[in-house]
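For the record, the sequence lines run as chains A and B.
Sequential numbering of the first sequence, starting at 1, is according to full-length UniProt numbering.
Sequential numbering of the second sequence, starting at 1, is according to full-length UniProt numbering.
Since the hints were derived computationally from the structure, they do not count as laboratory data.
Here the structure is a predicted model, which is why all the values come from computation and not from measurement.
The hints are all genuine.
All copies of an identical chain are treated as equivalent in the list; a pair is satisfied when it fits inside any one copy or across any two copies.
Straight-line Cα separation of at most 27 Å, DSS-like style, residue types lysine-lysine; simulated pairs:
#, residue 1, residue 2
1, LYS116, LYS85
2, LYS85, LYS117
3, LYS62, LYS99
4, LYS99, LYS69
There are 2 protein chains.
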Amino acid sequence: MQMAMHASAQVVGNAFVEQYYHILHQSPELVYKFYQDSSVLSRPESDGTMTSVSTMDAINRKIQALEYKNYKAEIKTADVQESYKGGVIVLVTGCLTGKDNVRRKFSQTFFLAPQKKGYFVLNDVFRYVEESEPLETTSTSVNGVIDSAPTAPLASEPEIAPISRALCWLHRSVSKFW
Amino acid sequence: MQMAMHASAQVVGNAFVEQYYHILHQSPELVYKFYQDSSVLSRPESDGTMTSVSTMDAINRKIQALEYKNYKAEIKTADVQESYKGGVIVLVTGCLTGKDNVRRKFSQTFFLAPQKKGYFVLNDVFRYVEESEPLETTSTSVNGVIDSAPTAPLASEPEIAPISRALCWLHRSVSKFW
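Sequences and hints are given; from them, build the entire structure.
Structure below.
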């Protein structure tokens, strides 16, 4: 079945993307207003580890520190889906160009949660999609950790490991997997 | 404030990524079981337009048609955040290599919604992050449309357009933006 998506999620997502990147680069000191104290924002450090912050105040400080005024964003794609309990999910791909004219591809995911008037950004995850670095099948890793939490190695075709009943993904016939 | 993330979202997200890509390439005929009838799956067509499908049956047919057995996935990063009302959001970046040995970078976003036993994939958005195509500032577009719905042009630094009160993103001082 092809999906007839609720029009408003599309409208909300596209309007958000337009507003967000405009304000991010024109008035980064105001971007924190897209968020609430319950929001989480994740940004990679220069060594690739991910830092996550919460609260509007910490998010504001993180965004200011990243000096987006020095970058220009080119948005390539913005794909929107309706999500859980009235939320909207957006996957953006594009490029950030710094003052050094180096252009780096990125992908960014937002979860827009409904609130009394409109929506706020509950989740914001940003990753550069590196150009030059060769991807080694044997050395990939999951970097979705908070700061210095240990990273779990993840093979490209991982073995199925025993996993708790609570993570029972395959809700039917699950027993054949673990 | 640095965020102390609830450990289980991280565990859930990482376990999901391991399982999902393993089964996607080893047993693609079973992958639909990660989804429910309310799930939405979006995949780009060869011309870059996005197709979205819903229901387990349609998702199964779409996944089968994509012939993932002919591809090898290398997962580069998997970043996880707790999300709305017990959900978990995951942004994956990596590469798919086909039988032609062409390696294409991708990013993929999942929203894992809680259910009685564990979670299911409510949202799944996949995009290739193209290597060769130059990104033109003047010709970027939002491709988050369902099938043949019209695409809205989006400049890299868009003008702020009037927008309905319902999309009141900046919940304070909003009047200064529109």
